[in-house]
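2 protein chains.
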Amino acid sequence: MTDLQKLEALAKLIRYSILVSTTEAGSGHPTSSLSAVELMTGLLFGGRFRFDADRPRHPNNDRLLFSKGHAAPLLYALWLAAGKVSEREIMTLRKFGSPLEGHPTPAFPYTEAATGSLGQGLSIGVGMALNAKYLDKLPYRTYVLLGDSEMAEGSQWEAIEIAAYYRLDNLVGIIDVNRLGQRGETMYGHDLEVYRKRAAAFGWEPIVIDGHHFPQILTAYEQASRVRERPAMIIAKTEKGKGISFLEGRSGWHGKAVPKADLARALKELGEVDRTVRGTLAMPDEIRPADRTSVPAASVAYAPDRPVSTRHAYGAALARLAVQYPDIVVLDAEVSNSTFAEIFAKVHPGRFFEMYVAEQNMTGAGLGLSLRGKVPFVSSFAAFLTRAFDQIRMSRYSAANIKFCGSHCGVSIGVDGSSQMGLEDIALFRTILDGVVLYPSDAVAAERLVEEAAKHRGIVYLRTTREDTPVIYRNDEVFRIGGSKVLRRNRRDVVTVVAAGITLHEALAAYEELKADGIPIGVIDLYSVKPLDVATLIEAARATGTIITVEDHYAEGGIGEAVRSALAGTGARVHSLAVRKLPRSGKPRELLDYEEISRTAIMRKVRELL
Amino acid sequence: MTDLQKLEALAKLIRYSILVSTTEAGSGHPTSSLSAVELMTGLLFGGRFRFDADRPRHPNNDRLLFSKGHAAPLLYALWLAAGKVSEREIMTLRKFGSPLEGHPTPAFPYTEAATGSLGQGLSIGVGMALNAKYLDKLPYRTYVLLGDSEMAEGSQWEAIEIAAYYRLDNLVGIIDVNRLGQRGETMYGHDLEVYRKRAAAFGWEPIVIDGHHFPQILTAYEQASRVRERPAMIIAKTEKGKGISFLEGRSGWHGKAVPKADLARALKELGEVDRTVRGTLAMPDEIRPADRTSVPAASVAYAPDRPVSTRHAYGAALARLAVQYPDIVVLDAEVSNSTFAEIFAKVHPGRFFEMYVAEQNMTGAGLGLSLRGKVPFVSSFAAFLTRAFDQIRMSRYSAANIKFCGSHCGVSIGVDGSSQMGLEDIALFRTILDGVVLYPSDAVAAERLVEEAAKHRGIVYLRTTREDTPVIYRNDEVFRIGGSKVLRRNRRDVVTVVAAGITLHEALAAYEELKADGIPIGVIDLYSVKPLDVATLIEAARATGTIITVEDHYAEGGIGEAVRSALAGTGARVHSLAVRKLPRSGKPRELLDYEEISRTAIMRKVRELL
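Chains as they are written, first to last, in our numbering: chain A, 703 to 1312; chain B, 703 to 1312.
Bound conformation, chain A alone (with noise of 0.2 angstroms):
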């Protein structure tokens, strides 16, 4: 057999595999997936694509990532044909209980990242690439299968200017065009020439091909590996639904699998399968990136009279930890003279990556620099990490292990006003399936809780304050994930403040008046709002019956419904101080006030409720 009767072969296999195993399962992608059985089998099995599949993490293995993964039916028959799924594991596609989920998930061994909402995996691929060609130094390429409907998706602009400015020339795009969407056409059909120019206005390298035509295939391939400083993006005319005339370009099939009781017309069409043929994969050069040694860091030292604000803490502890922690890796989103990632910018700029303002694309290349083996810090404004909660919701499924930063919290940023406050982050964050959201009070808690963040294997978000605000611990204070800081506790306590960030201080501050006018409250300082320090949340409901919590953030889903809900049972009344007017522009202690979080705002319901 030749090597093109080869890949023939296993492309037949191939779609065998996709059209029997959807069949089976009574749903999935088919027609998706048969529309690039070539660009794929041609990829992996092609000689080209070099990977060891007893190894998928190993370091310098290729990249690929299914961006439209719906084609997951064909990213489990192409490792069916690569000898690593049996036909019998096949058929329990989107069975419970199966690896082989209905799109691609870390269950699956050979799943890069979980794909599946559309747009996402060209920048996971930036930040596989990046690794390779500037953390890693590997020379390892990444592949991207991308439909053309999603090129629709912003994000995919936002992760192709990036390419290129980052000159990722290891960085390959395929873009299926096979012209029909899950509605209908999409905008171009099968206008190549359209994506062609945009690829080329944006620095890329486009390679114009027929994707179902091995030759076209392997060249395309060859050539967008002699490209230089720039992605390439091979641009395919394809066909939906490939090889089986029933589905060929026809309108309707999206989504559907073949019924069972036309399958056995439809496998006729494939003529003869060699059920036995498996391709091989080549294998990637044994080197691994340069051992990254690890010195301790400097102790963190705030001199206790000068007020910081825990945003430029963020910075000064991602400066501080990098010598101990050399996988850390900083992404900002053109913001780090204010998320103070700029800090650590200065003294790594080698690991550190300018990501413009495409938040989007940030996440996603944080995702895959974490997939990598790097712990990426990735900062913006708080109320600008909304921009990506769908990248931010996704990472959780390719088990991430990411730390955002969203900095500007709350009303009290100020008189820049209401599109800069971040007042739902909270909520978004907590909504994360075992997701750590911490919110530190003072400098040093920040640079305590960013180290804790590092050590952490999961989503963390740390929440920052624009404000200075003073330094109430010491330097070696301890804070743990789940920990909580019982910083004013007195047998008389008629009430217990439970808050964090700037609300602490405000908590802290009435304290003070109160304890002036014989009225004794406790202050929790809730550093850590996910996971929660149930305990003595509870035993601060028992002692004092009463809790009040302050957050600068929207009442919805933040701080006050954590703490109800781990109280939920214990019968403590537990009130809430939240942002619930329209905010707006102002000084930060009028805001403070007008949103009734204040210390004059605590007062006032501390005595109400006595």
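Treat the hints with care, as some may be off.
Identical chains blur together in the list; that is why a pair holds if it fits in one copy or across any two.
Cross-link-like lysine-lysine pairs, in silico, DSS-like; alpha carbons within 30 angstroms at most [to be verified]:
no.	residue 1	residue 2
1	LYS970	LYS797
2	LYS1217	LYS1289
3	LYS962	LYS797
4	LYS1157	LYS1048
5	LYS1217	LYS1307
6	LYS962	LYS1289
7	LYS839	LYS786
8	LYS1289	LYS835
9	LYS797	LYS1307
10	LYS835	LYS970
11	LYS786	LYS1289
12	LYS958	LYS1289
13	LYS899	LYS835
14	LYS797	LYS1283
15	LYS1283	LYS786
16	LYS970	LYS708
17	LYS899	LYS1157
18	LYS1048	LYS835
19	LYS797	LYS1289
20	LYS1283	LYS958
21	LYS1307	LYS786
22	LYS958	LYS1048
23	LYS1283	LYS1157
24	LYS1157	LYS839
25	LYS1307	LYS708
Just so you know, the hints here were simulated from the structure itself, not pulled from any lab data.
Since chain A is already given, all that's left is putting chain B on it; use the hints.
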């Protein structure tokens, strides 16, 4: 004074106003404002922009959107130059209570839409332009001032591609290419060719000019007005801080006001400023959109024995109500055969806009349409609406009247798996101030609530289910925002189960089985998740002491936390069943059981509590 001399005089006055107002405020973005002075002065006062300043909402006014919202000082200065803001007023910039906020909000009558989160203005402009061209059929033109930094946002390219697709030759973008972003240079500096070739590749007519040269500016607007069948993008080379030598083109001045001590020096550079000069705007033609007639819609008519999905009922409701609510328009992101927006599209194609796989732009366009008096229903999978959280967040600050519909909520979508499951959408939409969150359990409720959404002024979110569910309500049942339905109640109820959507049916099934076992439970359909029917919940809590909430949604920020907040202080014990394990592919029933939100789980919980 010649026209050009007048424009120069106005530009000087505007520069003066920008400087004094920001220096007085001690903050703001003067340099970002200064770079666009000629561009905007030439637009407003060059005779082409047609706007009745006494009737800012006039349907045939031209529209000007500041996508670079931080240039708010320029916006206010322009309107001072138009005689609509006094010198005293402009000195209130950023002060608490002033309509001149840090970034534009509707508090200022000439703000078209609240901006400040970059990359959103062009989508809003797309909505306004779609309205002019296809709905109102009015000749007004929409202009969007864009920053160069924000062209990195993918959402801009979504807007750009859709605008070309819809042939919006009544839309003009103006990119203020001042080279400097917040932290430093943009990716392309003053390389105008990059912007030109990208705009051209995306189907716009590029017009490259010197952004400080009035003759070129006026010619550009004239040229733009003659472009047919595609939008025009004016790409203007400018200097950040133009007009003041120590600001012009200098790094480090982003977001910094000129200190009081340096103001005199800056103003001196302007030379003699005629503070009395005022500009006039051309007036729009007195044309109004054709009256849209309203006729009563057909009645809701579902047979009680035929299950129908609420997602299908959503589409059917839109189609049915269209004649009675002529301002309803529908947008969808290429999944209308799944969200069933297609039912409306088939009967009212002129009021349906396919927005392709670009949810951010869809949302921004929805905002633009709502600001022009339409009632947009914007749909996609609930999971994919998270893609547009920043746009949703920002739309609230424009007092938007948008109705979002997220279909395929929960794990009960089944085998497609986690990427497609909306599990955090309730949390997301609950953070919207005064937002409405509705979760109908059957087709009748869905139809009724779509109508309530259409009648309500503000942001509404409707959550729909993929599965067919039984029709449990009479066709004439009344549903109201803030209401609920007590479906099962008995004096001996041991507990009340509060559910909605798919879990409401699980609760009803649990009721039957428990009843057979002699265990009576109450069941409440909490179809209005925000605002909640607090009175009914309190009543149920009093009656049974214990509430069990059940939701096909993550535990954080959803129904459980909402109910717990409503019952805070009542002593009610609230237990919550929700999605707490990593979701996966599986049949709906398997997943409901796996996540312990099924009838079996409800019964188990009830028995456990007894």
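Verification of the hints:
1. LYS970 - LYS797: within (26 angstroms within a copy, 75 angstroms between copies)
2. LYS1217 - LYS1289: So LYS1217 and LYS1289 pass the 30 angstroms test inside one copy only (27 angstroms; across, 59 angstroms).
3. LYS962 - LYS797: Only inside one copy: LYS962 and LYS797 sit 17 angstroms apart there, 69 angstroms across copies, limit 30 angstroms.
4. LYS1157 - LYS1048: within (23 angstroms within a copy, 55 angstroms between copies)
5. LYS1217 - LYS1307: within (15 angstroms within a copy, 45 angstroms between copies)
6. LYS962 - LYS1289: between (67 angstroms within a copy, 18 angstroms between copies)
7. LYS839 - LYS786: within (29 angstroms within a copy, 59 angstroms between copies)
8. LYS1289 - LYS835: Classified as neither; 45 angstroms inside a copy, 43 angstroms across copies.
9. LYS797 - LYS1307: Between copies, since 27 angstroms is at most 30 angstroms while 54 angstroms is not.
10. LYS835 - LYS970: neither (47 angstroms within a copy, 51 angstroms between copies)
11. LYS786 - LYS1289: between (62 angstroms within a copy, 26 angstroms between copies)
12. LYS958 - LYS1289: between (57 angstroms within a copy, 16 angstroms between copies)
13. LYS899 - LYS835: Both: 26 angstroms inside a copy, 28 angstroms across copies.
14. LYS797 - LYS1283: The answer is between: 17 angstroms across copies meets 30 angstroms, while 47 angstroms in one copy does not.
15. LYS1283 - LYS786: Close across copies (28 angstroms), not inside one copy (57 angstroms); limit 30 angstroms.
16. LYS970 - LYS708: within (20 angstroms within a copy, 79 angstroms between copies)
17. LYS899 - LYS1157: neither (45 angstroms within a copy, 45 angstroms between copies)
18. LYS1048 - LYS835: within (20 angstroms within a copy, 50 angstroms between copies)
19. LYS797 - LYS1289: Cα proximity of LYS797 and LYS1289: across copies only (7 angstroms, versus 56 angstroms in one copy).
20. LYS1283 - LYS958: between (47 angstroms within a copy, 28 angstroms between copies)
21. LYS1307 - LYS786: Neither way: LYS1307 and LYS786 sit 64 angstroms apart in one copy and 42 angstroms across, limit 30 angstroms.
22. LYS958 - LYS1048: between (53 angstroms within a copy, 22 angstroms between copies)
23. LYS1283 - LYS1157: For LYS1283 and LYS1157, the Cα distance is within 30 angstroms only across copies (23 angstroms; inside one copy 38 angstroms).
24. LYS1157 - LYS839: Result: close within a single copy only, 24 angstroms intra versus 59 angstroms inter.
25. LYS1307 - LYS708: This pair counts as neither: shortest intra-copy Cα distance 77 angstroms, inter-copy 58 angstroms.
Checked against the numbered hints given earlier, the structure breaks hints 8, 10, 17, 21 and 25 and satisfies all the rest.
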